[in-house]
Amino acid sequence: AQSVAQPEDQVNVAEGNPLTVKCTYSVSGNPYLFWYVQYPNRGLQFLLKYITGDNLVKGSYGFEAEFNKSQTSFHLKKPSALVSDSALYFCAVRDLTGGGNKLTFGTGTQLKVEL
Amino acid sequence: GAVVSQHPSRVICKSGTSVKIECRSLDFQATTMFWYRQFPKQSLMLMATSNEGSKATYEQGVEKDKFLINHASLTLSTLTVTSAHPEDSSFYICSASLAGVPYEQYFGPGTRLTVT
Numbered sequence: 003a004q005s006v007a008q009p010e011d012q013v014n015v016a017e018g019n020p021l022t023v024k025c026t027y028s029v030s031g032n033p034y035l036f037w038y039v040q041y042p043n044r045g046l047q048f049l050l051k052y053i054t055g056d057n058l059v060k061g062s063y064g065f066e067a068e069f070n071k072s073q074t075s076f077h078l079k080k081p082s083a084l085v086s087d088s089a090l091y092f093c094a095v096r097d098l099t100g101g102g103n104k105l106t107f108g109t110g111t112q113l114k115v116e117l
Numbered sequence: 009g010a011v012v013s014q015h016p017s018r019v020i021c022k023s024g025t026s027v028k029i030e031c032r033s034l035d036f037q038a039t040t041m042f043w044y045r046q047f048p049k050q051s052l053m054l055m056a057t058s059n060e061g062s063k064a065t066y067e068q069g070v071e072k073d074k075f076l077i078n079h080a081s082l083t084l085s086t087l088t089v090t091s092a093h094p095e096d097s098s099f100y101i102c103s104a105s106l107a108g109v110p111y112e113q114y115f116g117p118g119t120r121l122t123v124t
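Sequences listed follow chains A and B, in order. All letters in the first sequence, in the order written, are residues 3 to 117 by this note's numbering. All letters in the second sequence, in the order written, are residues 9 to 124 by this note's numbering.
Just chain B, with the same shape it has in the complex:
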């Protein structure tokens, strides 16, 4: 149980375009989802926390207008990288937590974004 999927697993886009990454909890309802960014051989950096039906809470230094997060249902959150640039190239990982067990996060497999 507690499986989280991400789509796509890899995406290449041109500079200036936008790209959407989906995060789904497959077998449970996720009241909270988290979006992380990971640079090569580095730790995970939390970008934002989203609760279903409300606006995401962004970490300091993360541009909310550039990284749009929507958590429209208890099983789906999306991250849209708007007007992507090469420096946005990274590995993006989402996670989800169950209602009542907020400290346990289940991670998706990640999405490799390359902006050319």
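Next comes chain A alone, as it looks inside the complex:
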């Protein structure tokens, strides 16, 4: 089965500093990788995806992620964090187990950006 791991439950960063939220994956075949953000009591908002092509993927709100095949990682980054980026971030991988087109999510990383 496909899986993703988010090793950090929480990441704290000062506003204006760069941020990284880590994600590693385990898949058979070509990975389709996604990042979503969730604000309190809300659904998930799509940030970006990697399907194929350039390893550096740019997404919404200034976020980007780097696909690293050798390290099986897909870390989310932003050059300068904002307080409004504080939210719960999920990494996900497409899961074709059972013939379906599902998403398997990581456990989530709470990002806290402080002044």
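FYI, nobody ran anything at the bench for these hints, they're computed from the structure. There could be a bad hint or two in this list.
[Stated by the list, open to error] With a straight-line cut-off of 16 Å between C-alpha atoms, the simulated EDC-like cross-links for lysine to aspartate or glutamate are:
| id | chain 1 | residue 1 | chain 2 | residue 2 |
| --- | --- | --- | --- | --- |
| 1 | B | Lys74 | B | Glu60 |
| 2 | A | Lys114 | A | Asp56 |
| 3 | A | Lys79 | A | Glu17 |
| 4 | B | Lys49 | A | Glu10 |
| 5 | A | Lys51 | B | Glu112 |
| 6 | A | Lys114 | A | Glu17 |
| 7 | A | Lys51 | A | Glu116 |
| 8 | B | Lys49 | A | Asp11 |
| 9 | A | Lys114 | A | Asp87 |
[What the hints assert, rightly or not] Ranges of calculated distance between the beta carbons of each label pair, as one might list FRET restraints:
| id | chain 1 | residue 1 | chain 2 | residue 2 | range |
| --- | --- | --- | --- | --- | --- |
| 10 | B | Pro48 | A | Gly55 | 34 to 40 Å |
| 11 | B | Leu76 | A | Gly18 | 36 to 42 Å |
| 12 | B | Lys49 | A | Glu17 | 42 to 48 Å |
| 13 | A | Ser30 | B | Leu34 | 33 to 39 Å |
| 14 | B | Arg18 | A | Tyr63 | 25 to 31 Å |
| 15 | A | Ser28 | B | Thr90 | 32 to 38 Å |
| 16 | B | Asp73 | A | Thr109 | 28 to 34 Å |
Every residue, glycine too, gets a C-beta built ideally from N, C-alpha and C.
Fit chain B to the supplied structure of chain A, relying on the hints for placement.
Just chain B now, kept in the frame of chain A:
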């Protein structure tokens, strides 16, 4: 584009009653819809996958007689929690995918269910 709505956003019901949650794709036809459950400060757990006009496929451990899913049209799926109990209290999120792009899911805003 690709907006998904859920109704209601919050619902409180008494133990033993049933409650229905609607998921609608507002500006596209969703061949597949997904229902997730999320406990506080935890990840999303896929409950079931539904394709329009066919029976839903439930994940292991999810009671299909308790969580009834209907996907009667390309823009509407419903989740009915039957004979709800306090342990069913949770945040329920639906998502929908477009025909031809099955790996991209668009998420609804979620429904907070509280069973008293």
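Provide an ascending list of the numbers of those earlier hints which the structure does not satisfy.
-> Numbers 1, 2, 7, 11 and 12, in rising order.
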